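Novice: Here are the chains, one letter per residue:
There are 2 protein chains.
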Amino acid sequence: MSSQFSFRLLTTDGAARRGEMTTAHGVVQTPAFMAVGTRGAVKGLTPRDLVGEGAEIILGNTYHLWLRPGDEVIARQGGLHRFIGWNRPILTDSGGFQAFSLGARRRIREEGIHFRSHLDGSEHLLTPEGATDIQARLGSDIAMALDECLAQPASFDAVRESTERTARWAQRCRERFLQLQSVIPANAGIQGWTQALAGVTRILAASQEVTDSRGNPNGDSDQPRFPTITNPGQAQFGIIQGGTDPSLRTLSVERTLAVGFEAYAIGGLSVGEPADIMYSVVEHTAPQLPAGRPRYLMGVGTPLDLVEAVARGIDLFDCVMPTRNARNGQLFTSHGRLTIKNARYAEDARPLDANCACYTCSNFSRAYLRHLFVVGEMTGAILNTVHNVRFYLDTMARIREAIVFGSLGSVQQALRSTFSRPLCDS
Amino acid sequence: MSSQFSFRLLTTDGAARRGEMTTAHGVVQTPAFMAVGTRGAVKGLTPRDLVGEGAEIILGNTYHLWLRPGDEVIARQGGLHRFIGWNRPILTDSGGFQAFSLGARRRIREEGIHFRSHLDGSEHLLTPEGATDIQARLGSDIAMALDECLAQPASFDAVRESTERTARWAQRCRERFLQLQSVIPANAGIQGWTQALAGVTRILAASQEVTDSRGNPNGDSDQPRFPTITNPGQAQFGIIQGGTDPSLRTLSVERTLAVGFEAYAIGGLSVGEPADIMYSVVEHTAPQLPAGRPRYLMGVGTPLDLVEAVARGIDLFDCVMPTRNARNGQLFTSHGRLTIKNARYAEDARPLDANCACYTCSNFSRAYLRHLFVVGEMTGAILNTVHNVRFYLDTMARIREAIVFGSLGSVQQALRSTFSRPLCDS
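Chains as they are written, first to last, in my numbering: chain D, 280 to 705; chain H, 280 to 705.
Please keep in mind that the hints were generated in silico from the structure rather than gathered at the bench. Remember, predicted model here, so these are calculated numbers, not experimental data. It cannot be assumed that every hint is accurate.
[Stated by the list, open to error] Interface residues of chain D toward chain H, partial, derived using beta-carbon atoms under 7 angstroms:
id : residue
1  : Ala320
2  : Pro348
3  : Arg355
4  : Gly364
5  : Ile387
6  : Phe435
7  : Ile556
8  : Ser559
9  : His563
10 : Ala622
11 : Glu626
12 : Asn642
13 : Phe643
14 : Ala646
15 : Val654
16 : Glu656
[What the hints assert, rightly or not] When the alpha-carbon atoms are kept at most 30 angstroms apart in a straight line, the in silico DSBU-like pairs for lysine-lysine are as follows:
id : chain 1 : residue 1 : chain 2 : residue 2
17 : H       : Lys620    : D       : Lys620
18 : D       : Lys322    : H       : Lys620
19 : H       : Lys620    : H       : Lys322
20 : D       : Lys620    : D       : Lys322
21 : H       : Lys322    : D       : Lys322
[Unchecked claim] If the Cβ cut is set under 7 angstroms, some of the chain D residues that face chain H in the computed set are:
id : residue
22 : Lys322
23 : Gly323
24 : Arg347
25 : Gln356
26 : Phe362
27 : Arg444
28 : Val462
29 : Ala628
30 : Tyr647
31 : His650
32 : Met657
33 : Thr658
Glycine included, each C-beta is placed from N, C-alpha and C at the ideal position.
Full structure from sequences and hints, please.
Specialist: Structure, rendered in C-alpha cells:
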C-alpha cells in the first residue's frame with residue numbers, strides 16, 4: 280500500500296464490515312458515503328456546511344476538473360484540497376464515466392477514450408496514463424484507475440472484450456502510478472513535499488518514457504510533460520467491471536487483483552439495471568475482493584441500496600442522489616421520501632424530519648422550505664441539500680453502529696420498510 | 280414611540296451620528312446596513328451565514344411575501360421571524376415600491392395602488408390600511424408607511440400632488456397602526472402575546488371600520504377581516520417623498536412629522552438620479568428630521584453612497600447591491616470593485632480581499648471563486664454573497680468607529696478614492 284493509506288477492519292456483522300480507512304488527509308469511518316463535488320464544490324454547500332453535518336470524505340470528478348479549470352491550474356494552486364478549501368480526504372474518479380456519458384463522438388481505442396468536450400467540442404484523448412497523471416496533479420487521496428463503462432445491454436463477447444480492455448488499462452494505470460511513486464522520496468510528507476518537487480521534475484524530465492504523457496488534454500507541446508504530484512500519499516484503486524455476468528465479474532476480479540491496487544471498486548452498476556441484479560452482482564463480487572482492503576461501490580445509490588450493499592460487504596459509496604434530489608425538492612426523511620413542493624406542506628410548521636439534527640431541521644419548517652422551493656430561492660436549495668446530505672451521513676452512522684452491535688439486519692428491514700413504499704407524501 | 284422601539288444617539292461627528300436602535304428583536308448599532316431578504320431569504324445565504332458575518336438586521340419585501348406565501352400564511356406560522364428562522368430585527372417595506380416597479384397595469388387612486396400581480400396577472404389593491412395590516416401579520420420590528428413612488432422625471436405639480444397623497448396615505452397608515460396598537464394590552468410581550476390574540480380578535484371584529492381591510496389581497500370574503508398581530512412591539516416609520524425639489528422635500532417633512540411616526544425614512548432616491556443630486560437632497564432633508572429618531576435612506580447604495588449619506592445624517596440603509604452584484608460576480612473589496620470572471624484571476628491564489636475576515640476570504644482564493652463563477656456553481660454565488668455582505672457590514676463598522684473617533688472625514692476620503700475609480704481589475 281501507499282505509505283499514507285491503510286485500512287483496518289474493526290468488526291463484522293455477517294458480510295457487513297465496520298472499518299477505518301486512513302488516507303493522507305485523515306481517517307474515514309466505514310462504511311462511508313461520499314457527497315459528490317463534481318466541479319470542485321458539492322453543489323449548494325460550502326466546506327463548513329459539509330463539516331458541520333459530519334462529512335469525512337468527498338468525491339471530485341476528474342473529467343470536469345480536467346476541462347475546467349484544468350488539472351495543471353489546480354496543481355499550480357497546490358492541489359485540489361487547497362484549491363477548494365477542503366482539508367479532509369478526497370477521492371477522484373478517473374474521468375472515464377463522464378467522458379462516456381457527457382463527451383460527444385466518443386470512440387474507444389486501445390490507447391484510451393477519444394471524445395469531444397461537451398463544453399466546446401474540442402477533441403480530447405483520455406488514456407490510462409493521462410487519467411493517472413491528471414489525478415496526480417489534482418492530488419486526491421484516492422485516485423481511480425481508468426475503466427471502460429460499457430453501455431448496457433451488451434453481448435457477452437462485448438462485455439468480455441471491454442472487461443479485458445479495462446484490465447489492460449488497469450495495468451497501465453498502475454504502472455504509471457508506480458512510476459510516479461518511485462520518484463517520491465520515501466520520507467516525503469505533505470509538509471516537505473514542495474522541496475522534493477524539483478527533484479521529481481528532473482527525474483521525470485530525464486525519462487523519455489515517463490514524459491510521454493499521452494493523456495495531455497490539450498496536446499500543447501509547450502505544456503509540462505510530467506505531472507506535478509501534489510499529494511505524495513495518494514492511493515490508487517482498481518475497478519472491477521464485467522457487467523451483470525458473474526463469470527465476467529470473476530474474470531475482472533482476477534485480472535484486477537493481479538495488477539494489485541491499494542483497494543478495489545465495483546463499477547458498471549447503478550446504470551439502469553434492476554436493484555436485485557445490482558445486489559446480486561455485489562453479492563457475487565464483493566467476497567472475492569481482499570478482506571483487508573476497503574470495497575467501493577461506485578455511483579450507488581438510494582438509502583436502501585446503501586444498506587443492502589453494506590450487508591453484502593461494501594465499505595464506500597458515492598452518489599449525486601442526495602444533492603441532486605435536494606435541488607429538485609425531493610427530500611429523504613426517516614419516514615420516507617418527501618416532495619417539498621406538495622401543497623400539503625404549505626402550512627406545515629414541522630421540520631422535514633423530527634429525527635434529524637441537521638441545521639435545516641433544527642431551524643426551519645416544511646412550510647418555509649416549501650415557500651423557498653416554490654419561489655425558486657437559492658437558499659431553499661442550500662437548506663434542502665444540507666438536510667439530504669446529513670440524512671445520508673446519518674444513515675451511514677446508523678449502519679456503522681448497527682454493525683458494531685450485530686444488528687444490521689434490523690436497520691436493513693427498517694430501510695426496506697421505509698424506502699420500498701411510495702413517497703411518504705403521496 | 281412603540282413600547283419596544285427606541286433610539287439612543289451616542290455621539291456625532293459633524294452631521295454624522297453614532298447611535299443604537301432598540302427593537303422588539305434586539306439592538307442595532309447605527310449607522311447600519313440591512314441586507315435584503317426579498318422573499319424571506321437573503322439570496323444565497325442562511326441565517327447562520329448572516330449572523331456569522333455580523334448582520335444585526337435584515338429587510339423583507341412586503342409585496343413579495345404578501346403574494347407568496349401570503350401574509351396570512353406567515354401570520355399563522357407565527358410571523359416572519361419564526362417563519363424564516365431569523366430572530367434578530369427585521370424591517371419590512373410597505374410593498375408600494377414593488378407594486379409600482381413589478382406590478383402590471385398599475386393605477387394610483389386615492390384609495391391606494393391598483394395593479395396586477397407580476398406572477399399571475401391577478402388584480403390587487405394595496406391600500407395604506409392594507410399595507411399596515413399585512414406588515415402587522417408579518418410582524419416585522421419596523422413597518423413602513425405606504426408611499427407613492429413617482430416615476431422621474433415628473434413636473435413640479437405632479438410631484439407636489441404625489442407628495443400630498445403620500446402624506447394623506449401616511450395619515451391613514453398611522454391611524455390604522457394606532458388602531459391596532461390600541462388593542463394590544465400594555466403589558467403584552469412577545470412571549471405572552473399568543474394569549475392576547477383572542478382578545479384582539481374580538482375587539483377588532485366588533486369594529487366595522489377596522490374590519491374593512493381594503494388591502495385584502497384576495498378579496499375573499501371568508502378571510503379574516505382583521506389582522507393577526509404577530510409582533511406587538513412593531514414600530515412604524517413614515518417616508519419623506521418630494522422628488523428632487525427642496526421645497527417639496529420640506530413640505531413632505533412637515534406633513535409627515537405632523538402625522539408622527541417612531542422614525543422617518545427618505546424615499547424616492549437612488550432611482551436613477553445622479554449621485555450628487557441624491558446627496559444634496561439628503562443634505563437638505565436629513566437635518567429637518569428629529570435628531571432623536573433614526574433616519575433611513577431607502578434603497579441606497581454603493582459603499583461610497585453609504586459614507587456620503589452618513590456624513591449627511593443618515594443612520595440606516597438597505598440595498599440589493601451587495602447580494603445581486605455577488606451573484607453576478609461583482610465583488611467589493613478594500614481596493615475597489617473586482618470582476619471575478621476576469622481571466623487575470625484564473626491563477627490568483629490570493630483571497631478576494633486580504634483585509635477581509637469573512638468566511639470566503641479566510642478560506643478561498645480568487646482562482647477558486649473565478650472557477651466556480653465560470654462553471655456556474657451555486658457555491659460560488661454563496662461565497663461571493665458572504666463576502667459582499669460582510670464588506671458592506673464591515674464598511675458600516677468602519678464608519679461607526681470613525682464617528683466615535685471624529686474621523687469620518689478620512690473614511691469618506693478613503694472610500695471616495697477607492698470607489699470613484701474604475702474597477703480595480705480594469
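Novice: Please go over all the hints and tell whether each is borne out by the structure.
Specialist: Here is what the structure says about each hint:
1. Ala320: 4 angstroms, holds
2. Pro348: Holds, because the Cβ-Cβ distance from proline 348 of chain D to chain H comes to roughly 4 angstroms (cut-off 7 angstroms).
3. Arg355: Arginine 355 of chain D check passes; min Cβ-Cβ to chain H is 6 angstroms, inside 7 angstroms.
4. Gly364: 4 angstroms, holds
5. Ile387: 27 angstroms, violated
6. Phe435: 40 angstroms, violated
7. Ile556: 34 angstroms, violated
8. Ser559: Since the shortest Cβ distance to chain H is 38 angstroms, the answer is violated.
9. His563: 39 angstroms, violated
10. Ala622: 11 angstroms, violated
11. Glu626: Glutamate 626 of chain D check passes; min Cβ-Cβ to chain H is 6 angstroms, inside 7 angstroms.
12. Asn642: This hint holds: asparagine 642 of chain D lies near chain H, its Cβ roughly 4 angstroms from the closest one there, short of 7 angstroms.
13. Phe643: 5 angstroms, holds
14. Ala646: The hint holds - alanine 646 of chain D has a Cβ within 7 angstroms of chain H, the shortest such distance being about 6 angstroms.
15. Val654: 5 angstroms, holds
16. Glu656: 5 angstroms, holds
17. H/Lys620 <-> D/Lys620: 34 angstroms, violated
18. D/Lys322 <-> H/Lys620: With a Cα-Cα distance of about 19 angstroms, the restraint between lysine 322 of chain D and lysine 620 of chain H holds, given a limit of 30 angstroms.
19. H/Lys620 <-> H/Lys322: Satisfied, since the Cα-Cα distance of roughly 20 angstroms is no more than 30 angstroms.
20. D/Lys620 <-> D/Lys322: Roughly 20 angstroms between the alpha carbons, so the hint for lysine 620 of chain D and lysine 322 of chain D holds.
21. H/Lys322 <-> D/Lys322: 15 angstroms, holds
22. Lys322: 6 angstroms, holds
23. Gly323: Status holds, d = 5 angstroms.
24. Arg347: 5 angstroms, holds
25. Gln356: 6 angstroms, holds
26. Phe362: At about 6 angstroms, which falls below the 7 angstroms cut-off, the nearest Cβ of chain H leaves the hint on phenylalanine 362 of chain D intact, so it holds.
27. Arg444: 31 angstroms, violated
28. Val462: 25 angstroms, violated
29. Ala628: This interface hint holds because 6 angstroms falls under the 7 angstroms limit.
30. Tyr647: 6 angstroms, holds
31. His650: Holds, about 4 angstroms.
32. Met657: 5 angstroms, holds
33. Thr658: With Cβ-Cβ at 4 angstroms, under 7 angstroms, it holds.
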